[in-house]
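From first to last, the protein sequence lines are chains A and V.
Heads up: the first sequence runs through residues 1 to 162, numbered per my numbering.
Heads up: the second sequence runs through residues 1 to 162, numbered per my numbering.
Rather than coming from a laboratory, the hints here were simulated on the basis of the structure.
Everything numeric in this text was worked out from a predicted model, so none of it was measured.
Do not take every clue at face value.
Unchecked claim - Derived coverage of chain V by chain A (criterion: at least 3 residues anywhere in the stretch with Cβ under 8 Å from a Cβ of chain A; other residues may be distant):
#: 1; segment: 11-18
#: 2; segment: 26-39
#: 3; segment: 100-109
As the list claims (entries may be wrong) - Mimicking DMTMM-like on lysine to aspartate or glutamate, the simulated pairs with C-alpha atoms at most 25 Å apart in a straight line are:
#: 4; chain 1: A; residue 1: 102; chain 2: V; residue 2: 53
#: 5; chain 1: A; residue 1: 102; chain 2: V; residue 2: 115
#: 6; chain 1: V; residue 1: 34; chain 2: V; residue 2: 108
#: 7; chain 1: A; residue 1: 102; chain 2: V; residue 2: 68
#: 8; chain 1: A; residue 1: 102; chain 2: V; residue 2: 54
#: 9; chain 1: V; residue 1: 58; chain 2: A; residue 2: 108
#: 10; chain 1: V; residue 1: 58; chain 2: A; residue 2: 85
#: 11; chain 1: V; residue 1: 102; chain 2: V; residue 2: 124
#: 12; chain 1: V; residue 1: 58; chain 2: A; residue 2: 95
#: 13; chain 1: A; residue 1: 102; chain 2: V; residue 2: 51
#: 14; chain 1: V; residue 1: 102; chain 2: A; residue 2: 54
#: 15; chain 1: A; residue 1: 58; chain 2: A; residue 2: 88
#: 16; chain 1: V; residue 1: 121; chain 2: V; residue 2: 44
#: 17; chain 1: A; residue 1: 34; chain 2: A; residue 2: 44
#: 18; chain 1: A; residue 1: 58; chain 2: V; residue 2: 96
#: 19; chain 1: A; residue 1: 121; chain 2: A; residue 2: 44
#: 20; chain 1: V; residue 1: 102; chain 2: A; residue 2: 62
#: 21; chain 1: V; residue 1: 102; chain 2: A; residue 2: 108
#: 22; chain 1: V; residue 1: 58; chain 2: A; residue 2: 54
#: 23; chain 1: V; residue 1: 31; chain 2: V; residue 2: 51
#: 24; chain 1: V; residue 1: 31; chain 2: V; residue 2: 129
#: 25; chain 1: A; residue 1: 102; chain 2: V; residue 2: 88
#: 26; chain 1: V; residue 1: 102; chain 2: A; residue 2: 11
#: 27; chain 1: A; residue 1: 58; chain 2: V; residue 2: 11
#: 28; chain 1: V; residue 1: 71; chain 2: V; residue 2: 95
#: 29; chain 1: A; residue 1: 31; chain 2: A; residue 2: 88
#: 30; chain 1: A; residue 1: 102; chain 2: V; residue 2: 85
#: 31; chain 1: A; residue 1: 102; chain 2: V; residue 2: 133
#: 32; chain 1: V; residue 1: 121; chain 2: V; residue 2: 78
#: 33; chain 1: V; residue 1: 102; chain 2: A; residue 2: 53
#: 34; chain 1: V; residue 1: 31; chain 2: V; residue 2: 115
#: 35; chain 1: V; residue 1: 102; chain 2: A; residue 2: 68
#: 36; chain 1: A; residue 1: 34; chain 2: A; residue 2: 85
#: 37; chain 1: A; residue 1: 58; chain 2: V; residue 2: 88
Quick reminder that beta carbons are idealized off the backbone N, C-alpha and C, glycines included.
2 protein chains.
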Amino acid sequence: MGADNQQETLDSSWVVGFTDAEGCFYVGINKMPKMSLGWQVLPEFRIVQHERDEELLKQIRDFFGFGDVRKNHGNRKDFRVRGLDNLEQVVEFFEDHQLRTKKQHDFEMFSQVIDMMRHGKHLERNGLDQIAEIVSGMNEQTTPTYLKDSSETVRQATSDRG
Amino acid sequence: MGADNQQETLDSSWVVGFTDAEGCFYVGINKMPKMSLGWQVLPEFRIVQHERDEELLKQIRDFFGFGDVRKNHGNRKDFRVRGLDNLEQVVEFFEDHQLRTKKQHDFEMFSQVIDMMRHGKHLERNGLDQIAEIVSGMNEQTTPTYLKDSSETVRQATSDRG
């Protein structure tokens with residue numbers, strides 16, 4: 001593939017390299033009284049960039065064929081994928097095209113959570129506990145705010161049991 | 001190329017994607033009384049990572065076939081390439097495999113500087129002024145400290161003329 005062609009379309013390895021650096025596999029566990037257990041498990045895959053590279057985020061969205069490009073915060077935009085069906089395709093992609101950084105560890109935890117959700121485990125107390133435990137083992141260094149938030153959420157989830 | 005194979009060797013597109021996110025094309029202009037003009041132009045290409053991914057930096061070094069993996073600061077390591085011969089190969093690589101983010105702009109400036117140095121322009125007052133001007137137009141967002149330092153250097157270089 002020549003340089004000209006590369007300018008137009010992304011290829012899998014580029015997406016993996018970029019995700020190794022900038023991708024985030026995130027699982028939120030949010031208090032939500034309306035849910036039967038009072039908690040909502042909300043996994044998402046996202047890539048945050050300065051708004052100057054919004055066009056590139058749209059190319060990544062087109063590469064996957066789903067997801068949204070939105071305002072993140074300040075002058076940042078993000079490409080975000082939610083929804084089990086789409087996230088299962090994300091998982092499949094990164095199973096076929098393995099990450100090279102230690103982010104692979106987070107991906108494997110993420111993949112476990114998606115699989116459990118596919119089997120409805122997040123709707124049972126035991127499953128939710130297990131998911132909270134998996135999430136507490138995730139080590140997403142690019143979003144320290146998330147780390148703080150999520151460990152707090154996990155503590156809440158744990159202390160909520162009795 | 002299967003996932004197993006990918007685990008062992010890096011490919012060009014992955015390196016481009018990772019560089020789009022984490023690479024830095026840097027040109028230092030350092031006061032150095034021993035040099036004929038009193039200034040040294042020191043270009044380098046580098047990728048900084050948490051030390052947990054030192055092994056990956058070594059794979060990147062092996063991919064290029066030159067450069068060093070060293071301690072950066074704190075718990076960070078870097079892959080660093082210096083020297084015109086090696087940097088010309090880096091330039092060639094990213095000419096053949098174009099970056100997708102706006103970092104491409106920095107790369108083009110970097111490439112100009114390398115070319116000027118190859119022709120000895122950094123050893124003439126006019127050439128040094130031009131290089132300082134190019135450097136001041138570089139927009140490397142991953143190293144704000146450098147940006148501050150370099151614009152100061154450029155001002156010094158400019159006021160040093162008379």
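How the hints compare with the structure:
no., hint, in the structure
1, 11-18, "holds (count 8)"
2, 26-39, "violated (count 0)"
3, 100-109, "holds (count 3)"
4, 102(A) with 53(V), "holds, 7 Å"
5, 102(A) with 115(V), "violated, 37 Å"
6, 34(V) with 108(V), "violated, 30 Å"
7, 102(A) with 68(V), "holds, 21 Å"
8, 102(A) with 54(V), "holds, 10 Å"
9, 58(V) with 108(A), "holds, 24 Å"
10, 58(V) with 85(A), "violated, 37 Å"
11, 102(V) with 124(V), "violated, 31 Å"
12, 58(V) with 95(A), "holds, 23 Å"
13, 102(A) with 51(V), "holds, 10 Å"
14, 102(V) with 54(A), "holds, 10 Å"
15, 58(A) with 88(A), "holds, 20 Å"
16, 121(V) with 44(V), "holds, 17 Å"
17, 34(A) with 44(A), "holds, 21 Å"
18, 58(A) with 96(V), "holds, 23 Å"
19, 121(A) with 44(A), "holds, 17 Å"
20, 102(V) with 62(A), "holds, 19 Å"
21, 102(V) with 108(A), "violated, 31 Å"
22, 58(V) with 54(A), "violated, 31 Å"
23, 31(V) with 51(V), "violated, 31 Å"
24, 31(V) with 129(V), "holds, 14 Å"
25, 102(A) with 88(V), "violated, 31 Å"
26, 102(V) with 11(A), "holds, 18 Å"
27, 58(A) with 11(V), "holds, 24 Å"
28, 71(V) with 95(V), "violated, 29 Å"
29, 31(A) with 88(A), "holds, 24 Å"
30, 102(A) with 85(V), "violated, 32 Å"
31, 102(A) with 133(V), "violated, 39 Å"
32, 121(V) with 78(V), "violated, 29 Å"
33, 102(V) with 53(A), "holds, 7 Å"
34, 31(V) with 115(V), "holds, 21 Å"
35, 102(V) with 68(A), "holds, 21 Å"
36, 34(A) with 85(A), "holds, 23 Å"
37, 58(A) with 88(V), "violated, 32 Å"
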